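**Q** Sequence:
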Amino acid sequence: MSIYSTVLYVLFVAISYVIAIHLKAKSGDRNDPSIIQSRLIRVSIASIIFILLTKYVLIDSLHTIPNEIALYQIFGLKNPFTQHCLCQVFNTLKLFMILFMGPLSELILSFIYSPSCESSYDSFYEVLRDLVIAPLTEEIFYTSLTTGPLLAYKLYQRGGSSTYEPTVFHNDNSISLILQLNPLLFGFAHLHHGYEMYHKGYRLAQIIGLCGFQCLYTTLFGYLTNLIFVNTGNIWCCFIAHSFCNFMGFPNISVKGNIFHMVFYWFLLILGVNSFGALFDKLTFIENAS
Numbered sequence: 013m014s015i016y017s018t019v020l021y022v023l024f025v026a027i028s029y030v031i032a033i034h035l036k037a038k039s040g041d042r043n044d045p046s047i048i049q050s051r052l053i054r055v056s057i058a059s060i061i062f063i064l065l066t067k068y069v070l071i072d073s074l075h076t077i078p079n080e081i082a083l084y085q086i087f088g089l090k091n092p093f094t095q096h097c098l099c100q101v102f103n104t105l106k107l108f109m110i111l112f113m114g115p116l117s118e119l120i121l122s123f124i125y126s127p128s129c130e131s132s133y134d135s136f137y138e139v140l141r142d143l144v145i146a147p148l149t150e151e152i153f154y155t156s157l158t159t160g161p162l163l164a165y166k167l168y169q170r171g172g173s174s175t176y177e178p179t180v181f182h183n184d185n186s187i188s189l190i191l192q193l194n195p196l197l198f199g200f201a202h203l204h205h206g207y208e209m210y211h212k213g214y215r216l217a218q219i220i221g222l223c224g225f226q227c228l229y230t231t232l233f234g235y236l237t238n239l240i241f242v243n244t245g246n247i248w249c250c251f252i253a254h255s256f257c258n259f260m261g262f263p264n265i266s267v268k269g270n271i272f273h274m275v276f277y278w279f280l281l282i283l284g285v286n287s288f289g290a291l292f293d294k295l296t297f298i299e300n301a302s
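For the sequence shown, my numbering begins at 13 and goes up steadily by one.
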């Protein structure tokens with residue numbers, strides 16, 4: 013069985029998420045509640061369909077996975093209510109709160125001094141999209157259903173494994189190319205926003221700049237969630253990281269206030285990044301965890 017079959021299927025999965033959003037879809041503002049509802053239903057149904065389809069492809073067609081138990085292991089689809097799973101999710105959330113300690117401190121201070129400040133969300137459906145459905149379905153598509161099959165193929169090359177947990181690849185340099193290239197699928201998936209910007213009247217230079225930047229940081233984020241996936245073997249950890257980052261948004265470079273406030277904010281930003289790197293393995297990888 014050729015690697016090309018697995019790669020072609022992974023590309024098909026990645027493209028299908030964008031197709032599910034736009035194919036014969038109602039046009040208009042992406043924040044219109046009716047459009048949000050329609051898209052959430054579409055991607056939720058697509059996620060279920062592709063989990064079932066990938067089960068058939070990997071077990072019955074490509075034969076890279078021996079059975080359903082191994083399939084759900086390589087997808088990282090653990091029972092989210094076990095103590096071990098909840099501990100992993102909490103540790104991942106703690107890790108990203110450390111990364112965002114600067115912006116979090118600003119958020120807390122703004123809430124203390126301006127408790128009546130307006131929310132960045134205009135409707136419940138925007139919250140549901142940004143913090144629940146979008147991060148969950150995107151992680152299913154761009155981590156479980158794309159990284160998972162590629163890891164399964166690596167195990168198939170080795171003659172199988174006693175466990176199909178992604179954690180068997182912890183610190184394994186043989187999957188470096190997968191971890192580096194696969195996030196590009198997640199990054200490129202955000203280029204479709206350029207089409208919406210075009211219809212809103214954005215200039216071409218604005219579209220290229222905004223889409224290019226979004227593609228870059230979503231690709232970097234995809235790389236991080238791939239590392240989390242390999243370290244934890246748990247898609248719920250990727251989901252909580254994705255949801256939290258959507259909530260926080262991209263960190264501000266500057267903040268209001270005097271020079272001391274600015275210096276302290278930058279100190280927390282740098283400390284957060286350094287601490288994130290230093291604690292990454294400690295908080296995401298538990299050796300011999302079941």
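Simulated from the structure, these hints should not be mistaken for lab results.
Given the structure is predicted, the values throughout are model-derived calculations rather than measurements.
Each hint should be verified, as a subset may be incorrect.
[Claimed, not checked] Pair ranges (Cβ atoms, derived): (1) Gly172 / Leu283: 29 to 39 Å; (2) Met274 / Leu193: 51 to 61 Å; (3) His205 / Leu283: 28 to 38 Å; (4) His34 / Phe102: 30 to 40 Å.
Where a beta carbon is used, it is the ideal one built from N, C-alpha and C, also for glycine.
**Q** Now, for every hint given, state plainly whether the structure supports it.
**A** We went through each hint and held it up to the structure:
| no. | hint | verdict |
| --- | --- | --- |
| 1 | Gly172 / Leu283: 29 to 39 Å | violated (44 Å) |
| 2 | Met274 / Leu193: 51 to 61 Å | violated (38 Å) |
| 3 | His205 / Leu283: 28 to 38 Å | holds (32 Å) |
| 4 | His34 / Phe102: 30 to 40 Å | holds (36 Å) |
Going down the numbered hints, you'll see the structure goes against 1, 2, while the others check out.
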